[in-house]
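Given only the sequences and the hints, what does the whole structure look like? Please build it.
The chain contents come next:
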Amino acid sequence: MAHGGMGKGKGPARLNLKDSWTVFKRLFKEIGNFRTHAIIVAVTIIIHAVMYAVATMYLKEILSFIFDRALTNDPERFIGLAKMMGVLIALYLVSVISLTIAARLTLTLSTSMLCELRIKMFKHMQNLPVSYFDNNLRGDIMSRYTNDTDAIRELLSNGFKELIHATVIIISVFVSMLVLSPLLTLVVVGSLVIIGILVVIFTSKTGKYFIRIQEETASVNGYAEEYVSGQKVVKVFCHEDVIIKGFEEKSQGLRKMGTKGHTYSHMLMPLLGNISYINYATVAMSGAALAIHGYLGPITGAIATITMFLQLSRQVSRPVTIVSQQFNSVMMAIAGAKRIFDMLDEPVEADEGYVSLVNCEARCDEIKECEERTGRWAWKHPHKQLGTTTYKPLDGDIVFENVNFSYVEGKPVLKNVNLYAKPGQMIALVGATGAGKTTITNLINRFYDIPEDSKIRYDGINIKKIKKADLRKSMAMVLQDTHLFTGTVRENIRYGKLDATDEEVEAAVEIANATSFISHLPEGLDTMLTADGSNLSQGQRQLINIARAAIADPPVLVLDEATSSIDTRTEAVIQQGLAQLMEGKTVFVIAHRLSTVRNADAILVIENGEIIERGNHEDLLAQKGKYYELFTGLYTWE
Amino acid sequence: MIRKLAPSVKQYKGYAILAPICVVLEVLCEVFIPFIMTKLVDNGISMQNMQVVIKYGTVMISLAILALGFGLLSARFTVVASMGFGANLREEMFRKVQNFSYANVDKFSTGSLITRFTTDVGFVQMAFTILVRIAFRAPVMLTLSVIMIFFINPIIAIIFLVSIPVVWGSIILAAKFVVPLFEKLFDKFDNLNNRVKENLGAIRVVKSFVREDHETDNFRHAAEDLKNAQVKAEKLLVYAGPAMNILTYIITILVVWLGGIKIMKGEMSVGGIAGTIGYIGQFLMSLLMVAMVFVNLFMSRASAKRVIEVLDEIPTIRDDEADANLKVKEGSVTFENVSFKYKADAENDVLSNINFEVLPGQTIGIVGGTGSGKSSVVQLIPRLYDVTEGSIKVGGIDVREYKIDELRQAVGMVLQNNTLFSGTIEENLRWGDMDATQEEIEKACKVASAHDFIMGFPDGYQSMITQEGTNVSGGQKQRLCIARALLKKPKILILDDSTHAVDSTTERAIRDAIKKDVAGTTLIIIAQRIASVIDADKIIVIDDGKINGIGTHKELMKTNDIYKEIYSSQQGGVM
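In order, the protein sequences belong to chains A and B.
In my numbering, each residue's number is its place in the first sequence (first place is 1) plus 90.
In my numbering, each residue's number is its place in the second sequence (first place is 1) plus 6.
One should not assume that every hint holds.
[What the hints assert, rightly or not] Quick look at which bits of chain B chain A covers, simulated, 3 or more residues with Cβ under 8 Å:
| hint | region |
| --- | --- |
| 1 | 81 to 87 |
| 2 | 92 to 99 |
| 3 | 224 to 230 |
| 4 | 239 to 248 |
| 5 | 290 to 296 |
| 6 | 411 to 420 |
| 7 | 447 to 455 |
[Said to hold, decoys possible] Calculated Cβ distances over 10 Å to all of chain A for the following chain B residues:
| hint | residue |
| --- | --- |
| 8 | Gly20 |
| 9 | Ile27 |
| 10 | Arg139 |
| 11 | Ala141 |
| 12 | Thr149 |
| 13 | Leu187 |
| 14 | Phe300 |
| 15 | Glu315 |
| 16 | Glu319 |
| 17 | Asp326 |
| 18 | Asn331 |
| 19 | Thr527 |
Quick caveat, the hints were computed from the structure, so don't treat them as lab data.
Please read these numbers as outputs of a predicted model, since none were measured by experiment.
The beta-carbon is built from N, C-alpha and C at its ideal position, and this holds for glycine as well.
Below, the structure is given as C-alpha cells:
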C-alpha cells in the first residue's frame, strides 16, 4: 500500500507516576472476572504470612521453654515440649495449606486472566480499521501479545504473592519492634530508609535500562529478520560484509545496554545483603550505647531487648529486598499493560449503519425476507421516523458522487471522482501505478471512509447507512497480495463460505481452474498449507484465492491485479473461470493486461486521482486520448 | 559443549577469570560475618562490654564493606563477561549465517535462526552468569553450613545430610517430567503467535469476507490451548514453593524436638540449637541454589545445542578452493547439460538437461508458465544455488571456479520477489555501488524511470523506506530495484519478471533505456509478457523444467506451439 507513514518513528513510552497509577488501577479492574479467585489468593497469602510470623515468634517461646527447663528434672517437661510442638506443627500446617491453595489458584488466575485478556485484545483488534494495520508495524502489534502479556503474567504469578507476603512480614516485625522499644526502632528505620533509597535508585535505573534492553533486543531481532529474509538480495549484491558490520553495531548496542542494566540488577543483591550487616552492627553499637546511658530501662531487660532487636532487624532485611525486586516487575507490568490498553483504546471501525442484508424468497415480485439461503438478497432499510421498513433488492448498482479522499491530510489521492456501475456491468480501472485505482476499491467496501461531502451509493443507499459487515458480505475481493491461512486447501477455500459443502468447494475449484494443480498436491484438497502458503507458487496461491471468492458468490466482485502474477497462459484459463464467476455480477477490475480489460462495459482511465476518460474499448480508441496512447503504444511497437 | 562455546569469551577472558575470584573472596568475608555477630552478642552485649561491642561492630562493618566491594566487583565483572560472551556468540552466528547458502537457511528457517540470535543466546548467557557467580557461591556456602552444624551436633547434621538427596532427587525428577510439558507449551506459544501474525498480514482478507468472528473463535481456541498447556506444565512447579516450605518446617520441627530433648537431658549446649536453626535457612537456600544451577544448565543445554548447530553448519556453497585472482572477463553464459533440484533427495528434477549459450552483449528472453523453472535457471548463474549435474560457465569458466564475490559482482540480478530494506532510498540504491556519485545514482534512476517519482516524494532521495518497502507501490519498488542493480554496472544483468507491476509504457521505456545505457552487458529477461522479450536475440521457452524451444520471435512463432499459445493469449495486448 502506497500511502503515508513514511519515516514514521516511534519513541519509547515514558510513564510518569500518575499515569502508572491509572494503568495499575485499570489492570486491577481487568482482574474483575476472577475477583473471587483474587480475593481467595490474597486472603490465603495473608494467612500464610501471618501464620509464618506467628510460628516464628512461637518458636522463640519454645526455645525459651527449653532453656528454662534445661538441666532441671521436671517430669512434665517432655510432655510440655510435646504440647508446644503440637501447636507449632498446627501453625505450620495452616501456613503450608494456605500457601498451597494460594499457589494453585494463582496459576489458574494468571493463566485465565491472560487468556481472557489476549482474546479481548484480538477481538478488539479485529474491529480496528484497516488504517491501524497500515500505520503500525506488525512486530510492534505482535509484541503486545507476547512480551507485554508476559510482563503482566510475571507480576500476577509471582509479584503480588511476594509483595503481600513481604508486606505482612515487614508489618509484623515493625509491630514487635515498636512494642519492644520505639527508640531503637528509629535507629532501624533510619538504616532501612537508606536501603529504601538505594533500592529505589537501583530499581528505577534497572527498570529504565531493561526497557532499553528490550528495545535493543527488538532492534537486533528486526535487523536479523530483515536481512536473513532478504538473504538472496544480500548475496546478489555481495553485501555480506556490510550487513555483518551493521549487525555487529546492533549487537554491540545490545551488549552495552545489557551490561549497564544487568550491572545494576546484579549489584543490588550484595549491596542489600551487606548493608543489612552494617545495619546489624549499627543497631548493636547504638543499642549498647543507649543501654549504658540508661535509655532502655533496667540493664538486664535492655540486653534482652537488644538481642531481640538484632534478630528482628535481620528478619526485616529480606522482605525489604523482595519488595525492592518486585518493584521492578510492577513497573514492567505497568509498561506492558499501558501498551495493551493503548491498543484496546484504539477506536474501532465506526459503524453507524443500520441497513442490513437479508435473504429473500426467490421467484417473488414482492420481496419477502426469509431465513434460509436462497441466493437472492435484499437490503432491509428501517426508517426510524416513519417507523416502517422497506426492502430493496441487492442488485450491485454502485455510484460515486464527487468523491474526494486522502490518506494523509493535504495529499489528495482522489479528486472529485464520479463513477457509476450498473448491475451486472464490468468496470475496469486503468492507469499508472499510484494513480488511485486501489484506493477506489478501498473505499467501496469502506476499508477507509470518505469525507462528509463525498458520497458512495450502493443500490441507491448511502454506504455509510449500510452495516459494514453486510456491505462487505455483498462483495468479494481478490487482491494481488495473496494471503492464505495455515490449514488445508479445503479450509482455505471454505473461508469464503464457512458452511460450504464438499461439492460446493469442488465446484469453486473448478471455476478457478485449480482442479489440475490441486490434484497434483500430495493430499489434494486436504494438503496442509503452512506459513502463508509458502509451499505453493504465487500463481497457485492466487488460484486458491479465486476459488475462495468463487465460493462466497456475492453480487459484487473486486479484482485488484488478481491475475498479474500469473502467466498469461494460466491467466487465459482462469479468465474463462472468472467469466463464469462474473456473469450477472457487478465487477470492478484493476489490471495491467488489456486482455482482462477490453471486454469491460466501461473502462475508466485514472490519472493523478482523477478520472480522465470513460467509455468502452471501442469508444476510447475512437477518442484517441490517453487510453489510445497506452493501447497503441504497444501496437506500433510490434 | 562448554569446550565448544568457551573460546567465544575472547577479549572478555580477563573478566571471566576475575569474576569467580571475587565471588570466592566475597563468600569468605560473608562467612566470617555471622561468626563475628555471635561474638558481638555473646561477649559484648551480654557481658555489657562496650569496648568489645565497638571492636566487633567495627570489624563487622569493615568486613561488610569488604564483602560489598568484592560483591560489586564480581557483579560488574560477571556482567561484562557474560554480555560480551553473548555478543560474541551472536555475531559469530550471524557471520556464519551470511556464508550460508539458501539450502542452509531453508534447513533452519528464518524464524528459527532469529530465535537463535536472541532467545537462545540469552539462555546461554544466563547459564554463563550462573556458572560464574552462583556455581562458585552456593557449594561453598552449602559445605560451610554443613560443617558448622557438624561441629554443633553430628546427629542433627544427619537430618541435613539426608535432605540433600531428597531435594536434589525430587528436583531432577520434576525437571524430567516438566521439561517435555514445557516444550509442548512453547509449541502452543508459537501457534498463538502465528495466528496473530497471519491475521495481521491478511487483515484485508479477513475484513472483506467479514470473518472477524471466525478469526476470533480460532484465536480463542489457540489462547485456551495455550492456557491449558500452561496450567498443565506449571501445575507441578507451583507446588515447589509450598514443598520448600514443608521441608523447612519439617527440619525445624525435627531440630527443635531432637535438640530440645538433648538440651533438657543435658547432652547439648543451649547456644547450639539457636545456631542450628539459624543455619536452616542458609543451608536450604544454598541447597536450592545448587539444584537451580543444574536445572538452569539443563534447560540452557538445548539452547547451547541450537547455537552450536548454527556454528557447526557447513555452508553448502563454498569457494575455498577458488582462485582469488580469477576475474570475470566478459558476460557470456553457457549452460551445459544442467540438471537441478532444490533438495538432493527430491524425486523430480526442477530443471533437466538445460543447454544454451549466450554471447556477451546479447539479450536473451526466457518465457514459460508459472512453475516451469524459469527463475531456477537464472538463480544458478550467480550461484544462489549450485547445479546438481552439468556445469554453467560465465566468461568461459565454470562458475564454481570463481570466488563467489567476484562472480556475484559481475552478475546483476533483479529478483522476482525483490526486497528493499529499511533506510533511505539513497541507502537502498547504494547497495549497487557504495561509492556511486549523486549523478550516477540519478542516472540509474532515470534509466529505471524512478527518478520522477522519487523527486515527487517530500524528501526525494532521502525519503525513508519501511521494512520490505511496504510504503512504496509494487511498481515503484520494482523500479528502485532495477536502479539498484544498474548501479552495480554488471557484466550480466538478469531481470526476473521484475516489471510486472509496472505499466507497459513505462516498462518499455525502462527496457529501451537499459539497452542504451548498458550496451555490451548481457541481458537476460524473464517475462510473462511476450512484448517484453519480443526483440531479444534469442528467446528460450521453458516448459516443465526443460527447454521446449530456442529461437527468435519469428522462428518460435513458426515452430513452437507453446510460444504461439502464449502469444495468442496476449493478443489482446497488455496495458
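Problem - Coverage assertion for the region 239 to 248 of chain B with respect to chain A, Cβ distance below 8 Å, three residues required - result: As far as the region 239 to 248 of chain B goes, the hint holds, because 6 residues have Cβ atoms under 8 Å from chain A.
Handout entry: Glu315 (chain B) non-interfacial with respect to chain A [C-beta, more than 10 Å]
Key = Non-interface label stands for Glu315 (chain B): nearest chain A Cβ at 15 Å, farther than 10 Å.
Problem - Thr527 (chain B) remote from chain A - nearest C-beta pair above 10 Å - result: At roughly 15 Å from the nearest Cβ of chain A, Thr527 (chain B) sits farther out than 10 Å, so the non-interface label holds.
Exercise for the section: Take a quick look at Asn331 (chain B) and tell me if its Cβ sits farther than 10 Å from every Cβ on chain A, holds or violated. Expected result: holds (17 Å)
Problem - Claimed clearance of chain A by Ala141 (chain B), with the beta carbon kept past 10 Å - result: Fine: 15 Å to the nearest Cβ keeps Ala141 (chain B) off the interface.
Handout entry: Minimum Cβ distance from Phe300 (chain B) to chain A greater than 10 Å, as the annotation requires
Key = holds (21 Å)
Problem - Consistency of the no-contact label for Thr149 (chain B), given chain A and a CB cut of 10 Å - result: Given that every Cβ of chain A is farther than 10 Å from that of Thr149 (chain B), nearest at about 19 Å, it holds.
Practice task
Count the residues of the region 290 to 296 of chain B whose CB lies closer than 8 Å to any CB of chain A, then report whether that count reaches three.
Solution key: violated (count 0)
Problem - Whether chain A covers the region 411 to 420 of chain B (at least 3 residues having a Cβ closer than 8 Å to its Cβ atoms) - result: With 6 residues close enough to chain A, the hint holds.
Practice task
Please count how many residues of the region 224 to 230 of chain B have a CB within 8 Å of a CB from chain A and say whether that reaches 3.
Solution key: n = 4 at 8 Å, threshold three: holds.
Problem - Within 8 Å of chain A's CB atoms, at least three CB atoms from the region 81 to 87 of chain B: coverage verdict - result: holds (count 5)
Practice task
Decide, holds or violated, for the assertion that all CB atoms of chain A are farther than 10 Å from the CB of Asp326 (chain B).
Solution key: Non-interface label stands for Asp326 (chain B): nearest chain A Cβ at 16 Å, farther than 10 Å.
When each numbered hint is compared with the structure, violations occur for hints 5, 7, 10.
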